[in-house]
Amino acid sequence: MTGMFFHAPEAANLSAVTEMAISGEMEASTAAGSAALTATTPMVPTADDAAFAAALNSAGAGYVAASQGHVAQRTAYAGAQNLASLSYVIQELMSATNVNNLI
745 MTGMFFHAPE AANLSAVTEM AISGEMEAST AAGSAALTAT TPMVPTADDA AFAAALNSAG
805 AGYVAASQGH VAQRTAYAGA QNLASLSYVI QELMSATNVN NLI
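The sequence shown begins at 745 in my numbering and counts up one residue at a time.
It is possible that some hints are incorrect.
[Claimed, not checked] Simulated restraints, written as ranges between beta carbons of each label pair:
(1) V808 to A765: 33 to 43 Å
(2) S831 to M787: 22 to 32 Å
(3) M770 to A828: 17 to 27 Å
(4) N801 to L837: 49 to 59 Å
Just so you know, the hints here were simulated from the structure itself, not pulled from any lab data.
Every residue gets a Cβ at the ideal spot worked out from N, C-alpha and C, and that includes glycine.
Assemble the whole structure, with the sequences as input and the hints as a guide.
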């Protein structure tokens with residue numbers, strides 16, 4: 745295809761696989777550390793320690809939520825890359841077999 749826009753399905757698929765691998769790694773590392781990030785307890789039963797532990801738990805929960813959102817965005821991006829590749833291949837097959845004249 746010689747046009748302004750060129751799509752290489754194999755490159756897009758490789759990128760999608762890479763995105764999914766990175767997403768899986770991020771998800772696993774966040775899951776492994778989530779207990780330490782969200783389950784802190786006060787060292788001494790005082791109001792200051794309780795407030796500090798609550799602040800740490802809140803910050804940890806925020807980090808876990810942000811990480812999950814990032815993984816979801818990477819996964820959606822990988823899915824879009826796969827869909828683009830599939831659409832391109834189908835369009836090329838239809839063009840090569842002249843499907844428009846058959847319909």
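Now for the hints, and whether the structure bears them out:
1. Evaluation of the 33 to 43 Å hint for V808 and A765 yields a failure: the beta carbon distance comes to about 21 Å.
2. For S831 paired with M787, a C-beta distance near 57 Å fails the hint of 22 to 32 Å.
3. Between M770 and A828, the C-beta spacing of about 23 Å keeps the proposed range 17 to 27 Å intact.
4. Hint check: N801 to L837, Cβ distance near 54 Å, so the stated range 49 to 59 Å holds.
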